[in-house]
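Asks: Those protein sequences? They're chains A and B, same order as listed. Mapping of the first sequence onto the numbering used here: position 69 corresponds to residue 69, and the numbering continues sequentially without gaps. Mapping of the second sequence onto the numbering used here: position 59 corresponds to residue 59, and the numbering continues sequentially without gaps.
Please keep in mind that the hints were generated in silico from the structure rather than gathered at the bench. The reader is advised that the hints may include incorrect statements.
Simulated coverage check for chain B against chain A, where a stretch passes if three residues somewhere in it have a Cβ under 8 Å from a Cβ of chain A [claimed, not checked]:
1) 42–49
2) 54–62
3) 66–72
4) 86–93
5) 99–107
6) 110–117
7) 127–139
Using N, Cα and C, we set each Cβ at its ideal position, and we do this for glycine too.
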Amino acid sequence: MRTIIKTAAFCGLLLAPGVASAADSWGLPEEEIVRFDAKVVDLLCELTGDCPADCGAGKRQLGLLTGEGTLVLPVKNATPFSGAADELIEFCGKDVTADGLFSTNRGYKVFALQFVREAPDGKWRRANRFLPKWAEANGFDPKGEEVKQWFRNDPEVRAVLAADGVLGLGPEADEAYRKSQE
Amino acid sequence: MKRLGAWAAAAGLLLLAIGLGNGAAAAGGERVKVTGEVIDTWCYITEIMFAEGSAHHQCAVWCAAGGVPVGILGDDGKVYMVLKVGDDATSVANPAVLKIQSHRVTVEGDHYRRDGLDYLVVSQVVGDDGVVKVNHDEWGIQPFGE
Numbered sequence: 001m002r003t004i005i006k007t008a009a010f011c012g013l014l015l016a017p018g019v020a021s022a023a024d025s026w027g028l029p030e031e032e033i034v035r036f037d038a039k040v041v042d043l044l045c046e047l048t049g050d051c052p053a054d055c056g057a058g059k060r061q062l063g064l065l066t067g068e069g070t071l072v073l074p075v076k077n078a079t080p081f082s083g084a085a086d087e088l089i090e091f092c093g094k095d096v097t098a099d100g101l102f103s104t105n106r107g108y109k110v111f112a113l114q115f116v117r118e119a120p121d122g123k124w125r126r127a128n129r130f131l132p133k134w135a136e137a138n139g140f141d142p143k144g145e146e147v148k149q150w151f152r153n154d155p156e157v158r159a160v161l162a163a164d165g166v167l168g169l170g171p172e173a174d175e176a177y178r179k180s181q182e
Numbered sequence: 001m002k003r004l005g006a007w008a009a010a011a012g013l014l015l016l017a018i019g020l021g022n023g024a025a026a027a028g029g030e031r032v033k034v035t036g037e038v039i040d041t042w043c044y045i046t047e048i049m050f051a052e053g054s055a056h057h058q059c060a061v062w063c064a065a066g067g068v069p070v071g072i073l074g075d076d077g078k079v080y081m082v083l084k085v086g087d088d089a090t091s092v093a094n095p096a097v098l099k100i101q102s103h104r105v106t107v108e109g110d111h112y113r114r115d116g117l118d119y120l121v122v123s124q125v126v127g128d129d130g131v132v133k134v135n136h137d138e139w140g141i142q143p144f145g146e
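Next up, chain B with everything else stripped away, as it sits in the complex (with noise of 0.2 Å):
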């Protein structure tokens, strides 16, 4: 029984192990649940040009086709990197995440605070208003003004 007792905890560590895998610095996220808009983390986070609403929505969509991480800029002012989507765990020009860009959505997921940063494993989309923030007349369409 003793030996059985052994196994079983070797075992248990092993399966530990593997699902840990490489991730050295994994642990439990915080359970959150978060409202604000689908964003550019690169144009938002460097300024490089106005990074909002309708007016930079054709950028948004470009850089995420390109693989920029996408974001969402919370109401909490935080801008949480999107790493993974339901069972989806594409955050490389995920056309899923292309027709969302720029949309107000509350999501429910995971939150992660490493190195500064802020990043989140959505489990999933619990609202989706669209595109909210109207503010191209203001700020034309970014960057090009077409």
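One chain only, chain A, in its complex shape (with noise of 0.2 Å):
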């Protein structure tokens, strides 16, 4: 039941029933589910003052700040195999209200970001905006079949698969394990 509950947030079909709600539970080890300010950072820039004005226009990954100095790491967002830039890059800058689980394991403590709204009373949304997002990207219909499974479908990520085998071995490998399970 636990890999159920795992694989299932993996993919991000646990989402909350409503907008205003607070996050849902995935199953996460040393699960906490938190709503919290905090202003969008460019990671790069907090660390380093490498600092372009867009936050780099959402190609870096991004932090949030609290109120207390806290710089939290959101790594996962609401939708399949996808991070949280493309859902934070709008607010780059300002200060968010963020919705979602932090977990802590193997010594890191890392965030989901579930729901997201400007602070302190904009207008809450889902971090799902990676899949139109990407839909745009690469000339897919948003409400396709094809942005379901975008990991499948994604012209780099097929490149890279075609080119080096999804077990990173060769195309040769692939073919050679795919026969061992037949």
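Once you've looked at the hints, go ahead and assemble the two chains, each given alone in its own frame, into the complex.
Replies: Next up, the structure:
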């Protein structure tokens, strides 16, 4: 059961029923369901002083800097196999209310963003902007079936896996593995 | 001469301020050399699935393409979040980084420790051994088996 929950969580299937509600549990290690206010910052800027005006225009990882000065790392959003930068870039330099999950494991504490709004009283939305952005960037219908499995339809991914194989050991290793499973 | 010195000092402070930009907490990193596997940080840290080597390669490529932070699982056991490689500051879905997912690499760069997390600004990749952790016979292909 735990495996099922974990897989569902990974796929971003366990979403809160309403955008104003707190995040749903994904069954993560040392999970904390949290809502907090923070400023959206460019991590590279925050750490090194290399600071483009637009937080890197979506090409850089973003952080959440709390009023107490804690730098939170949002690693995940609410769609499958995708991160939080696409969800937060529009708030570069602004304060947001972030709603999601902390998980602490293997010595690290990371954050999964499920909902976000501009603080203090912006409109809540799910952290699922990645999919329409991906669809637009790659010429797909945002409501099409291809988008649900974006990771299998992404041209860059397909090119890398075609060249290196799903195992990363070359197409021949993939073929040998498939035969071994027949 | 005194006035010239004051202007020079002011200009120096101004340049320092511009250089630091908005990164209020910016400080120098520690020069390091790190050897380890290029990983998907979400799957590895949360252990939501087995997330190393050939078994997880495809998923690691998916997550890197989706903008999940890419890290290096160092031989020291630390997970270094990679924020920059050389002159390339793209750390979200960087096509060049997709191509080295699951590889065992050696890099040189600056390490920043902040609020319990380890970040790495890579100045150069000095070694790339490809995928050396061959574990798909044991773990299958994560997470869907294909």
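Asks: Identify every previously stated hint that the structure contradicts and give their numbers, smallest first.
Replies: Violated hints: none; all satisfied.
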